[in-house]
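Go ahead and model the full structure; you've got the sequences and the hints to work with.
Chains A and B, in that order, are what the protein sequence lines are. Those letters in the first sequence? Residues 1 to 272, per this note's numbering, in order. Those letters in the second sequence? Residues 1001 to 1202, per this note's numbering, in order.
Don't read these hints as lab results, they were simulated from the structure. Glycine is no exception: its CB is placed at the ideal position from the N, C-alpha and C atoms. It is possible that some hints are incorrect.
[What the hints assert, rightly or not] These stretches of chain B come out as covered by chain A in the derived footprint (C-beta under 8 Å, 3 or more residues): (1) 1067–1080; (2) 1098–1105; (3) 1121–1131.
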Amino acid sequence: MPDSHVDVEVRLLMEAIYAKYSQDFREYAGSSQKRRVLYALQKLDCDTISTLQSKVLHDPTIFQQLMQILTIPFSEMFRDPAFFLALREHVMPVLRTYPSLKIWIAGCSTGEEVYSLAILLKEEELLARTILYATDINPAVLEKARQGIYPLESLRHYTTNYQAAGGKAAFSDYYTAAYNAGRFDRSLVENVTFADHSLATDSVFSEVHLVLCRNVLIYFQKTLQDRALGLFHESLCHRGFLGLGTKESLDFSGYAEHFEPVVKQERIFRKR
Amino acid sequence: MTSTFAELTAAASHDVDLVVIGGSAGGVQALLALLQPLPSNYALPIVALLHMPEDRSSRLPEVFGYRLAMPVREARDKEPIAPSTVYFAPPGYHLSIEQDNSFSLSGEDPVYFSRPSIDVLMASAADARGPRVAGILLTGASSDGAAGLGRIKAAGGLAVVQDPAQAQVPTMPQAAIDHTAPDLVLPLNDIHTLLLMLGTPP
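This is the structure we're talking about:
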C-alpha cells in the first residue's frame, strides 16, 4: 500500500518532535501510533496533523500534552499474577545468592510494577540489599510513580492480583488509605532511583541482575525492539534475568539466541 | 435474504490476500460452521476476533485447533502473517495488522468495552492491505465492527455481513448494515462458499 497523507503527516510529526525535543518516537509501531495521533487531534482540538505539528513546535506545553497521549499507560499492580508468582518461585531463589542486587524496570510508567516488585522483594527479604532503577521517557508518569498513590477502587483489584501472585501478608499493610486513594509505604521505594531514560536514544547505565520491561516492546517496530533488547543484554550481568509482557516474545527479534527461557509461559528469560 | 451465484462470483473476483472475521455473542458456533469445512491447505490467512471473557478467549486457539483442518494459532506481536493459517486475537490486547504484514498488540483503552476490538483490527487491516482485505462480520450483541468494516469497504476491500435474520444475535450485523452498505449480506453457508472461492485463484 502506498502511504496515505496521514502516514506521511505522522512521520513528519515524529521527525519534528525529534528535532525540537529530542524525543524519538520515529520507530514506534505504525498502527497504534497513528491511532494515538488521530486521538490527539480530537483532544488537542486540531483539524489536521500538520496543525498539530505547528502547535507542538511552537508550544512546549502542547508537546507535553501530546506526550501523555503518545505513551500508553497499561499498568496495574501485580498485573498477570502468574508472572509475579513465577518471579517469586524461579528467579528470587537465584537472586538470593548475590550479596547485593540491582534491578532495572524499563518503561515503568506510573509505577505500579515498581511497587509490586518492591513488595515481592521485601517479602523475600531482598529489598534491603537491592537497588532499583525505574525509568521512563515521560517525566509526568515518573512523578506519579514517585508518589505511589493509586485510587482505592483499583486497589481492590490489585489486592486480588497480589493474593494470586503468592502474597505473604495483608496487601493493606503496604499502603495508607486516605481520600479514596492509597499511598504506598515510602520505605518500599527508599532504594529506587526514578530516572528519565529513553530506550530509543540513551545507553546502558549500570550492570543489573534483572530487567523488567513489560508491555513496552509491543509499541516498538522491530529495529527499535532490537535496540532495546540490545541495551538489556548489555546491561545484564552473566546469567542475568529478563522479564517481558505475557504476550511479548523474543522469537521475532534478533535476540532469540541470546536468551534462554526460564519460565516460557510467563516470558521470563535468562542471558545465555 | 438470498444471493445469486453471479453475485458471489462477482465478489469472489476480488483479489484478496487477507480475511478478517469478527463476532461476539454466538460467534464461536458461527465461526466453527464457517471454518470447519475449509481444507487444511486453504490458501488465505484468516484472522479471527471473537469477544469473550478474558479467561476464556485464551482457549479459542485450542478449541478451534481440535476442530479445524487448517493450522490454528494465537496471533503474536511482530509475527509475520503466514498463508493457510487461522489466527486468533489474544485476550486483553488490541490486535492490529502492520504495513509489513505482521501483527502488533497494544494496550490502548477498550473500544465498545472490548479489548481486543474488531473496529481496531479491521481499520488497521484496511490501512495496511487496502483493497486486498475481505472483512466478515458475524452474529453479536455489540456495535463493534461496524466502523471497522466501513473502513475496509472505503479502502476498496470486500465487506461481508452475516444475514441478521439468520444470526443468533442480530445486533452486530445489523449495526454494520446500518453504518455502511456492505458488498454482501449472506447466510453462513454462502459466506463459506465465498471463502472457498476467494481462496481458490481462477
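A quick look at each hint next to the structure:
no., hint, result
1, 1067–1080, "holds (count 5)"
2, 1098–1105, "holds (count 5)"
3, 1121–1131, "holds (count 5)"
The structure fails none of the hints (numbered hints given earlier).
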